[in-house]
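S.K.: Sequence:
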Amino acid sequence: MSLSIVKSVLSGGVVEIAPRGEIDVDTAYEVREAIAEVLAKGRPLRIELNMRLVTFIDSVGISAMVAGFQTAEVSDVKLVVTQPSRFVHRQLWVTGLLGLFGAPEPYFAGAATPEVLPGA
1 MSLSIVKSVL SGGVVEIAPR GEIDVDTAYE VREAIAEVLA KGRPLRIELN
51 MRLVTFIDSV GISAMVAGFQ TAEVSDVKLV VTQPSRFVHR QLWVTGLLGL
101 FGAPEPYFAG AATPEVLPGA
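So for the sequence shown, full-length UniProt numbering puts the first residue at 1; every next one is plus one.
Fair warning: there could be bad hints in the mix.
Once the Cα atoms are required to be at most 30 Å apart in a straight line, the calculated DSS-like pairs of lysine-lysine come out as [stated by the list, open to error]:
1) Lys78 with Lys7
2) Lys41 with Lys78
3) Lys7 with Lys41
Simulated from the structure, these hints should not be mistaken for lab results.
Construct the complete structure from the given sequences, taking the supplied hints into account.
M.R.: The following block contains the structure:
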(Lines of atoms letter the chains of each structure in order from A; the text may use other names.)
(Lines give C-alpha, C1' and ligand atoms only; values in the text may rest on other atoms or scores of the structure.)
Protein backbone atom coordinates (compact mmCIF):
# COMPACT_ATOMS: atom_id res chain seq x y z
CA MET A 1 0.00 0.00 0.00
CA SER A 2 1.18 3.51 -0.72
CA LEU A 3 1.10 6.64 1.38
CA SER A 4 -0.66 9.89 0.55
CA ILE A 5 -0.37 13.06 2.57
CA VAL A 6 -2.83 15.95 2.72
CA LYS A 7 -1.80 19.28 4.25
CA SER A 8 -4.42 21.76 5.46
CA VAL A 9 -4.29 25.13 7.15
CA LEU A 10 -6.61 25.22 10.16
CA SER A 11 -7.68 28.22 12.21
CA GLY A 12 -5.42 29.73 14.84
CA GLY A 13 -2.11 29.25 13.05
CA VAL A 14 -2.32 25.45 12.94
CA VAL A 15 -1.25 23.29 10.00
CA GLU A 16 -2.57 19.75 9.79
CA ILE A 17 -0.61 17.02 8.05
CA ALA A 18 -2.76 13.94 7.46
CA PRO A 19 -0.98 10.86 6.13
CA ARG A 20 -3.09 8.00 4.78
CA GLY A 21 -1.81 4.45 4.38
CA GLU A 22 1.36 2.80 5.64
CA ILE A 23 4.39 4.63 7.00
CA ASP A 24 7.34 2.29 6.64
CA VAL A 25 10.89 2.07 5.35
CA ASP A 26 9.70 2.94 1.83
CA THR A 27 7.48 5.92 2.73
CA ALA A 28 8.74 7.40 6.02
CA TYR A 29 10.77 10.07 4.21
CA GLU A 30 7.48 11.52 2.91
CA VAL A 31 6.39 12.36 6.47
CA ARG A 32 9.73 14.05 7.21
CA GLU A 33 9.53 15.99 3.94
CA ALA A 34 5.94 17.12 4.61
CA ILE A 35 6.93 18.53 8.01
CA ALA A 36 10.05 20.21 6.56
CA GLU A 37 7.98 21.72 3.73
CA VAL A 38 5.49 23.24 6.18
CA LEU A 39 8.33 24.73 8.21
CA ALA A 40 10.07 26.06 5.06
CA LYS A 41 6.92 27.96 4.07
CA GLY A 42 6.47 29.67 7.43
CA ARG A 43 6.24 29.16 11.14
CA PRO A 44 2.82 27.92 12.25
CA LEU A 45 2.01 27.93 15.95
CA ARG A 46 1.45 24.18 15.83
CA ILE A 47 1.64 21.26 13.44
CA GLU A 48 -0.95 18.55 13.97
CA LEU A 49 -0.01 15.16 12.58
CA ASN A 50 -3.44 13.56 12.13
CA MET A 51 -2.74 9.81 12.16
CA ARG A 52 -6.37 8.61 11.94
CA LEU A 53 -5.93 7.02 8.50
CA VAL A 54 -2.53 5.40 9.09
CA THR A 55 -2.97 1.63 8.99
CA PHE A 56 0.64 0.65 9.73
CA ILE A 57 3.81 2.25 11.03
CA ASP A 58 7.18 0.61 11.58
CA SER A 59 10.29 1.72 13.47
CA VAL A 60 11.50 3.78 10.50
CA GLY A 61 8.15 5.57 10.45
CA ILE A 62 8.36 6.24 14.18
CA SER A 63 11.89 7.55 13.66
CA ALA A 64 10.62 9.91 10.94
CA MET A 65 7.99 11.25 13.35
CA VAL A 66 10.65 11.87 16.02
CA ALA A 67 12.89 13.60 13.47
CA GLY A 68 9.92 15.77 12.45
CA PHE A 69 9.25 16.60 16.09
CA GLN A 70 12.88 17.65 16.57
CA THR A 71 12.90 19.73 13.39
CA ALA A 72 9.73 21.52 14.50
CA GLU A 73 11.13 22.06 17.99
CA VAL A 74 14.26 23.73 16.59
CA SER A 75 11.92 26.13 14.76
CA ASP A 76 10.00 26.72 18.01
CA VAL A 77 6.91 25.01 16.58
CA LYS A 78 4.96 22.46 18.58
CA LEU A 79 4.25 19.19 16.76
CA VAL A 80 1.52 16.95 18.16
CA VAL A 81 -0.21 13.79 17.01
CA THR A 82 -3.99 13.91 16.75
CA GLN A 83 -6.49 11.08 16.33
CA PRO A 84 -3.98 8.23 16.08
CA SER A 85 -5.36 4.97 14.72
CA ARG A 86 -5.39 2.21 17.29
CA PHE A 87 -2.29 0.70 15.65
CA VAL A 88 -0.35 3.99 15.75
CA HIS A 89 -1.46 4.65 19.33
CA ARG A 90 -0.21 1.22 20.39
CA GLN A 91 3.14 1.70 18.64
CA LEU A 92 3.66 5.09 20.29
CA TRP A 93 2.69 3.65 23.66
CA VAL A 94 4.98 0.60 23.33
CA THR A 95 7.94 2.76 22.32
CA GLY A 96 7.35 5.18 25.20
CA LEU A 97 6.80 8.09 22.79
CA LEU A 98 3.11 8.74 23.35
CA GLY A 99 3.81 11.59 25.78
CA LEU A 100 6.28 13.23 23.40
CA PHE A 101 3.47 13.72 20.89
CA GLY A 102 0.91 15.10 23.35
CA ALA A 103 -0.49 11.78 24.68
CA PRO A 104 -3.42 11.68 22.25
CA GLU A 105 -6.30 9.28 22.75
CA PRO A 106 -6.76 6.70 19.99
CA TYR A 107 -9.29 7.40 17.27
CA PHE A 108 -12.29 5.09 17.26
CA ALA A 109 -14.29 5.12 14.03
CA GLY A 110 -17.95 5.69 14.67
CA ALA A 111 -17.47 6.71 18.29
CA ALA A 112 -20.13 9.10 19.45
CA THR A 113 -18.96 12.51 20.53
CA PRO A 114 -19.69 13.22 24.19
CA GLU A 115 -22.74 15.31 24.84
CA VAL A 116 -22.38 18.55 26.71
CA LEU A 117 -25.08 18.97 29.31
CA PRO A 118 -26.65 22.40 29.79
CA GLY A 119 -24.97 24.25 32.63
CA ALA A 120 -21.95 21.97 32.57
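S.K.: Can you list which hints this structure breaks, lowest number first?
M.R.: none
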